[in-house]
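Asker: Note that the protein sequences, when read in sequence, are chains A and B. In terms of the working numbering, the first sequence has 96 at position 96, counting the first letter as 1, and numbering is strictly consecutive. In terms of the working numbering, the second sequence has 1096 at position 96, counting the first letter as 1, and numbering is strictly consecutive.
Among these hints, one or two may not hold up.
[As the list claims (entries may be wrong)] Cross-link-like lysine-lysine pairs, in silico, BS3-like; alpha carbons within 27 Å at most:
1) Lys167/A <-> Lys1135/B
2) Lys247/A <-> Lys9/A
3) Lys9/A <-> Lys1108/B
4) Lys167/A <-> Lys247/A
5) Lys1150/B <-> Lys247/A
6) Lys1150/B <-> Lys1108/B
7) Lys1108/B <-> Lys1026/B
8) Lys1150/B <-> Lys9/A
9) Lys1026/B <-> Lys1135/B
10) Lys167/A <-> Lys9/A
11) Lys1135/B <-> Lys1150/B
Rather than coming from a laboratory, the hints here were simulated on the basis of the structure.
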Amino acid sequence: MTAFWPIFKRELFAFFVTPVAWVLILVFLVLQGLHFYLLVDHFASQPFVVEDETPLSAFFGNTVLLYLVLFAVTPTLTMRAFAEERRSGTIETLLTAPVSSAALVLAKYAAALTTYVAMWLPTVLYLVILRRTGSLDPRSAASAYLGVLLVGGGYLSVGLCASAITKSQLVASGLTTLVLVSLFILGLGEFVVREGTTAHEICAYVSVWGHMNDFASGIVDSRRLVYYGTMIALPLYATTRIVDAWKWG
Amino acid sequence: MISVSHLTKRYGSRLAVDDLSFEVAKGEVVGFLGPNGAGKSTTLRILAGYIGATTGRVSIAGHDIANDSLEARRSVGYLPESVPLYPEMRVIEYLRFRAALKCVGRRKRAAYVEDAMHVANVVDVAHQRIEVLSKGYRQRVGLADALLAKPPIVILDEPTHGLDPNQVRDVRSLVRELGREHAVVISTHVLSEIDACATRVVLIHRGRLIAEGPTDAIRELHGSRPVEFTVRGGSALAASAVSSIFGVSRCDVDSACGSDLSTLRVTFAPAVTDVDRGCAVERCVAELVALGIGVRRVHEPGGSLEDAFAELTREGAHETRAQSDAGQASE
Chain A
1 MTAFWPIFKR ELFAFFVTPV AWVLILVFLV LQGLHFYLLV DHFASQPFVV
51 EDETPLSAFF GNTVLLYLVL FAVTPTLTMR AFAEERRSGT IETLLTAPVS
101 SAALVLAKYA AALTTYVAMW LPTVLYLVIL RRTGSLDPRS AASAYLGVLL
151 VGGGYLSVGL CASAITKSQL VASGLTTLVL VSLFILGLGE FVVREGTTAH
201 EICAYVSVWG HMNDFASGIV DSRRLVYYGT MIALPLYATT RIVDAWKWG
Chain B
1001 MISVSHLTKR YGSRLAVDDL SFEVAKGEVV GFLGPNGAGK STTLRILAGY
1051 IGATTGRVSI AGHDIANDSL EARRSVGYLP ESVPLYPEMR VIEYLRFRAA
1101 LKCVGRRKRA AYVEDAMHVA NVVDVAHQRI EVLSKGYRQR VGLADALLAK
1151 PPIVILDEPT HGLDPNQVRD VRSLVRELGR EHAVVISTHV LSEIDACATR
1201 VVLIHRGRLI AEGPTDAIRE LHGSRPVEFT VRGGSALAAS AVSSIFGVSR
1251 CDVDSACGSD LSTLRVTFAP AVTDVDRGCA VERCVAELVA LGIGVRRVHE
1301 PGGSLEDAFA ELTREGAHET RAQSDAGQAS E
């Protein structure tokens, strides 16, 4: 695992030395800023306040914009990870150094996750603004950010696995978006499929919309933790197996 | 240091390496030779731990490459054929990253990077980004990377590819120097390179070992190649006279149509030394002249490694073809 740090640092370096990461963060923050502005504007124009609805819960849970941004951002963060190393051949120097596949996969994942967190970090300012102008439940805010971290963590893990499958960044990104959007649509089944059926339960279990609504309201359900824990661990494990399998390809 | 036994690598139905066995000891520079597609790079990649063998065993510095891969890889400095590098990094950043990856301690890292840059002669581009470097410099950055952690085993896949003649000379002397304390495996198409720096040659063709031995021995393996005499007149007389000279084992006559010139191909006995061989050639000429036969030309196809390579790989091809013919016949 001694190889973890050097690879982690190099990955971060590779993200931030090129304009791609900065452009991505810029676009992300502009979209989120717009999103936040529209919500605050909406709440400000309401004649009376509904008890359970706050700008915070709406920002993290009630609108589709959050997911749309994630579907675009997470595949972009992970598509390079292995696809580019394999296309350029640098994977050969990496895998002939004393580096275990687990250290390699975890380092790349940690770097993508750190970048993802860095993208979200400036949005904490929104909370400062909300707190100055009204009331804010810090525990709900923490739970909402935990939700954002878990959902992003799961998405990045899927993206990393897709990047290990193919040598093309475009295919890796397309594949990730396909899986994530399919999961999202399956989750929407929660609102369509008749309640009480197994299908409804499955849809509700994977519904990211439902999950984020809970997190944004300050509810941390252990089922969600297990779900996202699995969604992070399983693709990462598959990725290490894929990296090992290249030897025999 | 390196022990390869019965190594086989199969890509689907294609056999890339076929039952290859050889050893490399400390203090040896082994030249890995073979025509394109012979399985050189595949073998080197297996030695470096990048790809797995289908069957067979590879031991690197006492560690099995399959079961104890990390330890084995720790003992190897490897320069891949294509020299893949990260273009966005500066040379010194790249080498520091590689040093950390190769478990060079934090305190030693700066000194090791400095040493490797000096040895590979890339100090003047240390702060330049790799993407702006020429092919020659990139090659040398790759070389610096291979030598970085001061590994006991160095594997270089075509290390002089893309270098100018001066740089080639530098790399050759570097390899020779490395060979004193390391086990070095070097693959190249440039045979003079093997001639210049390898102590031993492993010649493979179509994944199979064709010849192995000290560079001199491989060259001498074909030292018994025939010497050609182009003579005028009396070819039968000339042949019988030459055949009787000491050291000559065989004399074939090749008469050119429509002229009185003919070529005598004189083969010497394998035990004949270079000196005796030279004397025998002189005696042949003297004898022919004494018989009134004109000697137009004496040509000795050099016993260079290049000739040995050409001949051995041709023989290997014949052999393989003969085997496949026999296989088809038995079917």
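Asker: Evaluate each hint against the coordinates.
Answerer: Taking the hints in turn, this is what the structure says about them:
1. Lys167/A <-> Lys1135/B: 24 Å, holds
2. Lys247/A <-> Lys9/A: Holds, because 25 Å separates the two Cα atoms, which is no more than 27 Å.
3. Lys9/A <-> Lys1108/B: 19 Å, holds
4. Lys167/A <-> Lys247/A: Judged against 27 Å, a Cα distance of about 15 Å means the pair holds.
5. Lys1150/B <-> Lys247/A: Roughly 26 Å between the alpha carbons, so the hint for Lys1150/B and Lys247/A holds.
6. Lys1150/B <-> Lys1108/B: Given that 27 Å is the threshold and the Cα spacing comes to 11 Å, the pair holds.
7. Lys1108/B <-> Lys1026/B: 24 Å, holds
8. Lys1150/B <-> Lys9/A: With a Cα-Cα distance of about 23 Å, the restraint between Lys1150/B and Lys9/A holds, given a limit of 27 Å.
9. Lys1026/B <-> Lys1135/B: Roughly 31 Å separates the two Cα atoms, so the pair is violated.
10. Lys167/A <-> Lys9/A: 23 Å, holds
11. Lys1135/B <-> Lys1150/B: 24 Å, holds
The structure is inconsistent with hint 9 alone, although it conforms to all the rest.
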